[in-house]
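Visitor: Here are the chains, one letter per residue:
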Amino acid sequence: MGYVALIPLLPALAFAILTPMSRKARTRAVPLALCAALGSLALSVAAFVSVWPGGHAEEPVWQAGVTLAHVGERAVSLGFQLEPVNALMLLVVTVVGTAVQVYSLGYMHREDRIGWYYAVLSLFTAAMLALVLSDNFLGLFMAWEVMGLCSYLLIGFWHEQEGPRLASIKAFLTTKVGDLGFMLALAVIYAEVGSFDFAAVLHAHTWAPAAATAVALLLLFGAMGKSAQVPLHVWLPDAMAGPTPASALIHAATMVAAGVFLVVRAYPIFEASDTALMWTLGVGLVTALAAGLLACVQHDIKKVLAYSTISQLGFMFIALGAGGATAGLYHLVTHAFFKSLLFLGAGVIIHSAHTQDMREMGGLAKHLPVTTAVFGAGALALAGIVPFSGFWSKDEILTVLLHEGHYVGFALALAAAFVTAFYVSRLWFRVFTGPTQQAELHEAHRSMLAPMVVLAAITAGVGFFGPRLGAFLGHDIPWPELSTAAISTGVAGAGIALGWFVYGRSTAVVNTRALKQRYANLYGVLANKYYFDLTYGYFVIGGYSALSRASAAFDSRVVDGVVNGAAAAWRRTAERGWAFDSTIIDGVVNGTAAIVKEAGASLRKIQSGRVRNYQLLVSGAVVLLVVWILVKGA
Amino acid sequence: MTIGLAHLLTLAAMLFGIGMYGALSRKNAVHVMMSLELMANAVNINLVALSRFLTPDALTGQFFSVFSMVVSAAEIGLGLALVLAIYRRRRTVELDAIDELRG
Amino acid sequence: MDFPLLTVIVFLPLAGAALVALPGNGRPGAARVIAATVAAVDLVLVGWLTLRFDTGAGMQFAEKAAWVPQVGITYHLAVDGMSLAMVALSALLTLLAIVASWKTEKKPAMWFSMLLLLEVGMNGVFVAMDFVLFYVFWELVLVPMYFLIATWGGPRREYAAIKFFLYTLFGSVFMLVGIIALYLQTGTFDILAMAEAGGLAPSFQWWVFAAFFLGFAVKVPVFPLHTWLPDAHVEAPTAASVLLAGILLKMGSYGFLRISLPILPDAARQWSGFLAALAAISIVYGAAVAFAQTDMKKLVAYSSVSHMGFVMLGIASLTPEGLNGAVAVMFSHGVVTGMLFFLVGMVYERTHTRTIAEVSGLSSRVPVAGGLLAFASFASLGLPGLSGFVGEFLSLVGVWSSQIWAGWVVVAAVGVLLAAAYMLWLVQRVVLGGSSPAVETIGDLTKAEIWVLAPLVVLTITVGVYWDSLLRFTDPAVNAVLTLMGGA
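Residue numbers (my numbering), protein chains in the order written: chain A, 1 to 634; chain X, 1 to 103; chain S, 1 to 488.
It is possible that some hints are incorrect.
Said to hold, decoys possible - With a cut-off of at most 30 Å between alpha-carbon atoms, the simulated DSSO-like pairs for lysine-lysine come out as follows:
| no. | chain 1 | residue 1 | chain 2 | residue 2 |
| --- | --- | --- | --- | --- |
| 1 | A | Lys24 | S | Lys447 |
| 2 | A | Lys303 | X | Lys27 |
| 3 | S | Lys447 | S | Lys106 |
| 4 | S | Lys447 | S | Lys64 |
| 5 | A | Lys303 | A | Lys366 |
| 6 | S | Lys447 | S | Lys107 |
These aren't lab readings, by the way, just hints derived from the structure by calculation.
All of these numbers come straight from a predicted model, not from anything done at the bench.
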């Protein structure tokens, strides 16, 4: 089973080989990255088969690790494990990853930095696979952060332009805000359990409600950053500045789903805390609905899909919060396929129409037949129309909500589903129907269509394997109940119908100015994205910039001012001291010298230099001495 | 009349006085040195006389005066050499003319 | 008697410094070849020391001889894992600094001589186990660094050099008072013996800790005693900046680990809350000020204040995780900030400006320089898989497990985010985008420059991927410290 470790190592190796190369050599070495992706795919299939038929949720079929560090009496280790949940995830990541890499060959072939693109894509794939396979929270976190780096690099791929550059830093920092929660959660876990291993943290340890709530909420915060949940969702729409295939892989199918995966992984902790589950549900509901509404007013086709992704991730959080981890995971899987499909389709459309603005598109169905067909499959899946994959998993989520008695949640989720169907049909009718607005529309190359067809096939078929998949995961994924299915299909149909009513009826170019004027207030709020960006820009970024400038001024004026002030004060003291020293202390010294000098000047007169004078003095002195002795002696 | 200690001491005192007068009054360095010699020999007479009359058994004074005469001879040699050196340099041995150490 | 390896490692550069000065400034070729050779031999010796080092054996390679027996001053050298990591870093960075400043034109013999003299002090501080010896090396470091800044520095070099010298001297005077107080109390100057003996009265410990705190905190530097650092860095030549940030700052934190904690355990426990608070403030404050800087070197300098905050935070935790984290940050900061200073210097040599606004688009014009600068930035902001993460993470985990108020941990964690903010903002402006006029005509890194950076890149990745490559040295040392403290 050791080959499982190779699954993330192959793309990592590709990255390590490609990175130090020159730009030219890298371009030639692109097939290497592709081979690595294919190798991972093959090994993942093998791993999946080896786990099949699954059914054991907790017991890994394979586990291996290395000790990363010895700290005190504890050992921190990193390792991989394989069980049904991540075997499934492996398959999802490698299938989508390989599809995207094949597609990118065509999409990116004119870029002179395609080699770098593939290198980062490989690193990302490696990190995502490592995250999926990790048997502990620390390894998961490390892979999580590396994915953040790759996301940053890919969003800013065209960094010569202002937009991608700003979007990349925004994405990194916003997700990093969430990562703080994750990091603190790790600290709490370590303090509580003394280990990061899933086995120890999730199964061997009994979580007290308070600690569980703390850890779960912190983890949730981390997941919200990565999975772009309100209020940390602002980075994902901007992230669309990156190359479209990268968006398909990272910002639709895999990385953004890592937050959901994290919650699924840590689910025993969440289950120990009702508060955490409630928050998860709340975040999911708010996000699903709020982001869905935003998708309705976007004109950029990629941004519609981005908000749609946020909204669908919200659905997954709803499932997790309602207690249906398997339903959430199921939706993660189906969403990964259909949303990457939609993004790849959007890539073809953008390449062909040379614009991302839907208002400048129309009638593409006639010119791009294959793309239209596969995009249609994805769109129906997203809208939740039977038998496409999204229908099954969304129904599963709705069923869980009903069963657990979350009726308000059920209603809100239905509303979100309605909005979803509406914006999907809006997108569809704007792009594919109506009059053609561009010349020279042409279908993409086969190498780009092939991966899309594969994804479309999966999207169309995967729903029929729901119960089998459930059994594989060790949980129940029943066929949808007829009543729920009827309601959800009805809602989706209504959404599509409304979309057709507004955007699809006329064959002329749609003008919604009248509608916008009638609902000006609502439209203003939506067009400004609920003022999140403005608020963050003004208060967080503006505030921090001001704070940092103030700190810098404080540092140079006050903190350093004290130091320089002390030095100046000391110098003044020294000058005073010098004055004292030179006048008084030195005065005494010099005065003494002056007296001696004066005395010497008067005494020198005695010094005639004549021997006879001295002789006389000596003789006189002797005589005096003798006289003195005689007198004294007497 | 026998010659006693007093005579000898008187002789020495006279000799010393003459020497002292010469040393103070003469300007010529050679004369001054001769006068100094007189004074030194007056001291020698004293030493011998006192030794002879006070401690006749010991010859301390005699030995000391011999020793003193040797030193005087050396001293005169050195003094004359200095005087010669001064003469060569300044063409005079007048002590009053040599006042280099005047302050 | 065994071969006195430590003595040779410490004093070989001294011989080298004399030897380098011999040919005089007129023959730079001879001077730099001798300097590089001596530094390389020293590094090889340190490598040999590392190979022979027994991670299970605690203090080793001890050399002890009477020095001034009348008052019990001994010549006592020894290494444990902590010391070894620092000595290795010092030997490596000195060699790289010499190679990087190969073309120094102003008084080259004196320049290389000063670098080697600096290495004597740096190596000495980390292996001296006698207070007097320690103090001698500690002060010895100031002299060459003073001349390096004052002679080869920027326009305000004299101000910066004097500020650096006086500020750190100010601190070390208090340290000297502490040393004398300890001597009067215990009758020995031997650091290890003093730690073994223990039993000092807590109130006495408190005051001595305060004295040492002033000495070490200035060097680290801890907010608000840090303002000498940016000035010194901005004015110092590249090689001096590298050594200043890479090694000299660590002398302060090393002092806490080697002296304050084991000898004054009760005081350390009393002070830990205060230390953690200062550390957290340093982290956030340094990051905030760094964000506002317009000079690349100053930005990196303030990032040092922030990073050294993590060292202090780890130390304040008094847990194995925290102390290991502290040493890991010390090591990683030496490597990564060394890399950053080298790169800023290399960019400065080409563009003649360090103003961030004037340098942009390095990656499109000079991809190797730009890529390495981005790499170093990511290492600096604590990306997992690179060395910066190891220590920061362990420090945070350690301090959370300790008695320290959790609020400081949250503040410090925010510092991680702020580090990402200023580092990415730097990358954004300098590395990415279209190239600015100053960058338009410059050439990429030369082979020699890449070789200077390569070892640092390798170390960054090695330590980041396999933590035990560093921690297997530091962990026993750290545990020994905690055992001496009587179990925290």
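Visitor: Decide, hint by hint, whether the structure agrees.
Guide: Hint check results:
no. : hint                   : in the structure
1   : A:Lys24 with S:Lys447  : holds (19 Å)
2   : A:Lys303 with X:Lys27  : violated (127 Å)
3   : S:Lys447 with S:Lys106 : holds (23 Å)
4   : S:Lys447 with S:Lys64  : violated (44 Å)
5   : A:Lys303 with A:Lys366 : holds (24 Å)
6   : S:Lys447 with S:Lys107 : holds (25 Å)
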